[in-house]
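Enquirer: Each residue of the sequence shown is one higher than the last, beginning at 1 in my numbering.
Hints listed in this document are in silico derivations from the structure and should not be mistaken for laboratory results.
All C-beta atoms in this analysis are idealised placements derived from N, C-alpha and C, irrespective of residue type, glycine included.
Among the hints, a few may not be true.
Quick list of simulated restraints, FRET-style, between CB atoms [as the list claims (entries may be wrong)]: (1) A11 with A35: 16 to 22 Å; (2) R26 with G69: 22 to 28 Å; (3) R26 with R98: 29 to 35 Å; (4) R47 with A102: 50 to 56 Å.
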Amino acid sequence: MARRTADTADAALKALAEPRRREILRVVWAGELPATDIASCFPEVTRSAISQHLGVLREAGLVTERRDGTRRLYRANRDEMAKLRTFLDDYWTTGLERLRDAAESAERRKERH
Numbered sequence: 001m002a003r004r005t006a007d008t009a010d011a012a013l014k015a016l017a018e019p020r021r022r023e024i025l026r027v028v029w030a031g032e033l034p035a036t037d038i039a040s041c042f043p044e045v046t047r048s049a050i051s052q053h054l055g056v057l058r059e060a061g062l063v064t065e066r067r068d069g070t071r072r073l074y075r076a077n078r079d080e081m082a083k084l085r086t087f088l089d090d091y092w093t094t095g096l097e098r099l100r101d102a103a104e105s106a107e108r109r110k111e112r113h
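With these hints in hand, go ahead and build the complete structure from the sequences.
Expert: Here you go:
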């Protein structure tokens, strides 16, 4: 289970490493939008590029896609974003605990000498 969580987090973080994808995620955060409306928020980017970005976000589990006739509607997957946040919180908490333990250990060694 931990490996799956780490793999999922890796995919999400790779997707979010691209600034345009983070912008797209912000656009769909408030609610479901058709791909054409999302693309219209980025006039300097081709619709094909927006479609590819949406595909990466979908594959990473960060957005969901629903079809309505010929339209594809996208929305942020808040549950997956919450899981990513929990993973990162746990990651940092564990790292900080190790750092604290190492500092305390070094201080004890220093006091003995």
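Enquirer: Next, verify each hint and record whether it holds.
Expert: Consistency of the hints with the structure:
no.: 1; hint: A11 with A35: 16 to 22 Å; in the structure: holds, 21 Å
no.: 2; hint: R26 with G69: 22 to 28 Å; in the structure: holds, 26 Å
no.: 3; hint: R26 with R98: 29 to 35 Å; in the structure: holds, 33 Å
no.: 4; hint: R47 with A102: 50 to 56 Å; in the structure: holds, 51 Å
The structure shown violates none of the earlier numbered hints.
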